Amino acid sequence: MFGVHPLVYSVWIAWRMLETYEAHSGYCFSQSRLGQLGLLNGGHAAFHDYHHTINTGNYGGPLFDGLFKSMDQWVKNGGENGVFETDYVKEAAKSE
Numbered sequence: 002m003f004g005v006h007p008l009v010y011s012v013w014i015a016w017r018m019l020e021t022y023e024a025h026s027g028y029c030f031s032q033s034r035l036g037q038l039g040l041l042n043g044g045h046a047a048f049h050d051y052h053h054t055i056n057t058g059n060y061g062g063p064l065f066d067g068l069f070k071s072m073d074q075w076v077k078n079g080g081e082n083g084v085f086e087t088d089y090v091k092e093a094a095k096s097e
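In terms of the working numbering, the sequence shown opens at residue 2 and continues consecutively.
Simulated from the structure, these hints should not be mistaken for lab results.
These numbers come from a predicted model, not from an experiment.
Using N, Cα and C, we set each Cβ at its ideal position, and we do this for glycine too.
Fair warning: there could be bad hints in the mix.
Between beta-carbon pairs, the in silico distance windows are [said to hold, decoys possible]:
1) His6 / Lys77: 40 to 50 Å
2) Thr57 / Tyr28: 29 to 39 Å
3) Lys70 / Pro7: 35 to 45 Å
4) Phe69 / Ser11: 28 to 38 Å
5) Gly79 / Tyr28: 11 to 21 Å
6) Val5 / Asp73: 12 to 22 Å
7) His6 / Lys70: 32 to 42 Å
8) Asp73 / Pro7: 35 to 45 Å
9) Pro63 / Tyr22: 17 to 27 Å
10) Ser11 / Gly39: 20 to 30 Å
11) Val12 / Asn56: 27 to 37 Å
12) Leu38 / Trp13: 14 to 24 Å
13) Thr21 / Gly67: 29 to 39 Å
14) Gly4 / Gly80: 15 to 25 Å
Pairs of lysine to any residue residues, derived as SDA-like cross-links and limited to a Cα-Cα distance of at most 20 Å, are as follows [stated by the list, open to error]:
15) Lys70 / Thr54
16) Lys77 / Leu41
17) Lys70 / Leu40
18) Lys70 / Gly44
19) Lys77 / Leu64
Work out the full structure, taking the sequences as your base and the hints as a guide.
Right, dumping it as structure tokens:
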């Protein structure tokens, strides 16, 4: 498909499915041993949870959200580390 070897395409699909499952699971495994080695997509769960909790920003992937400045609040709140340090739901309520 699209001139890509079927094995490469299959690995890419498997990786994207794993990333999707982790992002939508609601569990952030970035602090686990595998997450610290970069073998998990734990940060995606925090990014996705922030999008659904605050309902502003984090509309797509980090590349385009950064490009169109739709993740500025996420960055201001500390990004993935801010999820663990701040109750960003209360912070958002204060700013309204």
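Verification of the hints:
1. His6 / Lys77: 40 to 50 Å: 42 Å, holds
2. Thr57 / Tyr28: 29 to 39 Å: 23 Å, violated
3. Lys70 / Pro7: 35 to 45 Å: 39 Å, holds
4. Phe69 / Ser11: 28 to 38 Å: Holds - the Cβ-Cβ distance for phenylalanine 69 and serine 11, about 32 Å, lies within 28 to 38 Å.
5. Gly79 / Tyr28: 11 to 21 Å: 19 Å, holds
6. Val5 / Asp73: 12 to 22 Å: Distance hint for valine 5, aspartate 73 is violated at roughly 35 Å.
7. His6 / Lys70: 32 to 42 Å: With a Cβ separation near 37 Å, histidine 6 and lysine 70 satisfy 32 to 42 Å, so the hint holds.
8. Asp73 / Pro7: 35 to 45 Å: 41 Å Cβ-Cβ, so the 35 to 45 Å window holds.
9. Pro63 / Tyr22: 17 to 27 Å: 18 Å, holds
10. Ser11 / Gly39: 20 to 30 Å: 21 Å, holds
11. Val12 / Asn56: 27 to 37 Å: Given range 27 to 37 Å: holds, Cβ gap about 34 Å.
12. Leu38 / Trp13: 14 to 24 Å: Check passed, 21 Å falls within 14 to 24 Å.
13. Thr21 / Gly67: 29 to 39 Å: 21 Å, violated
14. Gly4 / Gly80: 15 to 25 Å: 36 Å, violated
15. Lys70 / Thr54: OK: lysine 70 and threonine 54 at ~18 Å, within 20 Å.
16. Lys77 / Leu41: 24 Å, violated
17. Lys70 / Leu40: Outside the cut-off at roughly 28 Å; violated.
18. Lys70 / Gly44: With Cα atoms ~19 Å apart, lysine 70 and glycine 44 stay inside 20 Å; holds.
19. Lys77 / Leu64: Cα-Cα ~17 Å, so holds.
The structure fails hints 2, 6, 13, 14, 16, 17 (numbered hints given earlier, in ascending order).
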